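Residue numbers (my numbering), protein chains in the order written: chain X, 56 to 473; chain H, 7 to 238.
No wet-lab data here; the hints were simulated from the structure. Don't take each hint at face value.
These stretches of chain H come out as covered by chain X in the derived footprint (C-beta under 8 Å, 3 or more residues) [unchecked claim]: (1) 7-16; (2) 32-45; (3) 61-67.
Being a predicted model, the structure only gives us computed values, none of them experimental. Built from N, CA and C at the ideal position, the CB exists for glycine as well.
Take a look at the letters that make up each chain.
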Amino acid sequence: MKRCPYCGAALPEEASFCPYCAKSVNVRTAVPTLRRIPRRVRLGVGVLAVLVLLALFGWRNARPQVYDNGTAEAVYTNENGTYQICIAWANTPFTPCNDRYNMAELNFNYRYPALLYVNHVETDTHAGQVFLQTVERVTAEFVDPPEALGISCTQPQPDADYVPDAACISYVDYSISEQGTCTAQLVFTLHMKNGDIIRVRQNQHFETIPTYDYTPEDVPMETLEALQSFIDGIERTIQGDAIINIHLPPVTYDGGLTLANRSVNLIGSTDGEGNRTTFTGTMQVTEQNGRIFYFDGIDFVGDGTGVGLSASARLHLTGCRVAGWKTGALAYGHSWVNADECVFEDNIVGLQFNSIGSNVSDTRYEENVFQNNGTAVLLESVPTDVSMKFPGCTFAGNDKDFDNQCGQTLELAEATFQ
Amino acid sequence: MYDWLKQALKTEYTPVRLLKESDRGSVRVVRHNVTGRRFVLRCFTGNGEVYQKLLGYACPNLPVVYEAVAKGEENLVLEELIQGDTLNFLLQGALFTPAETRNIVIQLCRGLWALHSLGAVHRDIKPENIILRGADAVLIDFDAARFHKPELETDTRILGTTGFAAPEQYGLSQSDCRADIYSVGILMNVMLTGEHPSKKLVAGKLGRVVQRCTQVNPKKRYQNVLRLMEAL
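Bound conformation, chain X alone (with noise of 0.2 Å):
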């Protein structure tokens, strides 16, 4: 209930009039008042709008056009036809792709080539080469990314060597600092010669991968079968992308390891007498799926015979020491191996590639030591045209360097030999 304003009577709740005092409480609203607009002023109104719309139109056509639908597709037509610029994926380049998915590690830094296609859309081929002389300039640029994405993208290129298909090629760097989720957006501005503006966009989702340690105080692995069946057990229960890495205690291992079905770390350690992580059997990795094995501070020792390092994978070591082996590290079948700041001693052959494909990860080899071996480096087939480089390598003792039997081109400048 409620009351009445002037006589305080109780009236009902939806009650628009009293009827003791009878006067309304309830507001009214006007109806809005009908004018009548003379035949004559409609008719001025209509030939002025006219008018205006014809200006207007002519206007619009005469001034260059910005092409931007906030996709990764835009449609441009000129004298020679109508084109597709889109951005797309090497193996679809017909097929805009408006969401790139990203994994990254935390802090790690990555890159990879944003490609631009330029369609001839008559005739379904790429055109990018006829297309771009009439492009005053081409740039890419990044709107607002996350305060925890570091990204940046170089200005766009052609790049006949590497997608002689793709118009423009920007390479794009990222890094991301917190864990978690965030979207960047990457913009392909052409500006035409006369004038017009065309923008393609491509939103960028980043993700961080989940990673793993385990240390010997979380798990036994202390002997060689107590770790094969830890690695074991993980390549059972923890699928995906995630990242493990294992902190190996400074004991030697009488044997090598098995890593066949995910990528996994291994992270070696040195206690206070000097004593280090150490295998002195072949250490296997044969994981087929792309991710990179990375193996820091471990000593692989060997007898003299057989192979230290064994990669069908791809596979990376920083600070390891292989020693003692007829081939101290293999890259065979459609792997790479990548070496930083290790030593390669006392082998027959220090590192040995015979592998095809194109799994290229690295083509640097830095601070490293080649020393006292058969042959230092031995490239039968390397997956790359790409040049190695070797800077700040050691090459000391060996009976032979290098023997280049595939021709690999080697950049060997900043390296020394003694």
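Given chain X, put chain H in place with the hints provided.
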């Protein structure tokens, strides 16, 4: 609410005179016992939706609806008593001049504009339902009014006054605001000639306006009161 108002009206008001009574209900003038103010009290069976809608609006060419309540199909409406003569009464003595007719019909259009802008159709425009209050023409009696519902193909009930009601009100199609325009056309002709246009159509420009208003096909009429006012 219905019972509460009925009781309050019974105790606080006195019936003055009966204006109309039919099977559907009655229309009475009542007087407030304390202030002496007079009101029109409508008691009828049917759809009182238009009156309830008008509770929130004010227009000089429509009576003020003070209260409208319903209980099932029963309605109680308390509205402003418009003091003046109906067009029907005035037409008994003389016809209207074209200038007077324009002036009155334009005001009628303003009242209809208010109704149509609420989505309602009056459906009973005739001389008895138009009162001249000084210089103002006021459209009364919304008992036949209804809201236009586009999903309905035909009107479910035939309401309106024979001769003034548009053909679609007899079930040819659902009536919308153009049904009122038809009735306004008839009204204009009656004001000017005293006859239905089928018997005697007014001459001149106003005759063409009447013809346009009274086309059988609603699509050929003025499509809204704005267009009719423009023509006038």
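The hints, checked one at a time:
Requiring three or more residues with a Cβ within less than 8 Å of a Cβ of chain X, the coverage given for the segment 7-16 of chain H holds, as 5 such residues are present. Under a criterion of three residues with beta carbons nearer than 8 Å to beta carbons of chain X, the stated coverage of the segment 32-45 of chain H is upheld, 5 such residues being counted. For a cut-off of 8 Å, the count of residues in the segment 61-67 of chain H with a CB near a CB of chain X stands at 5, and the three-residue condition holds.
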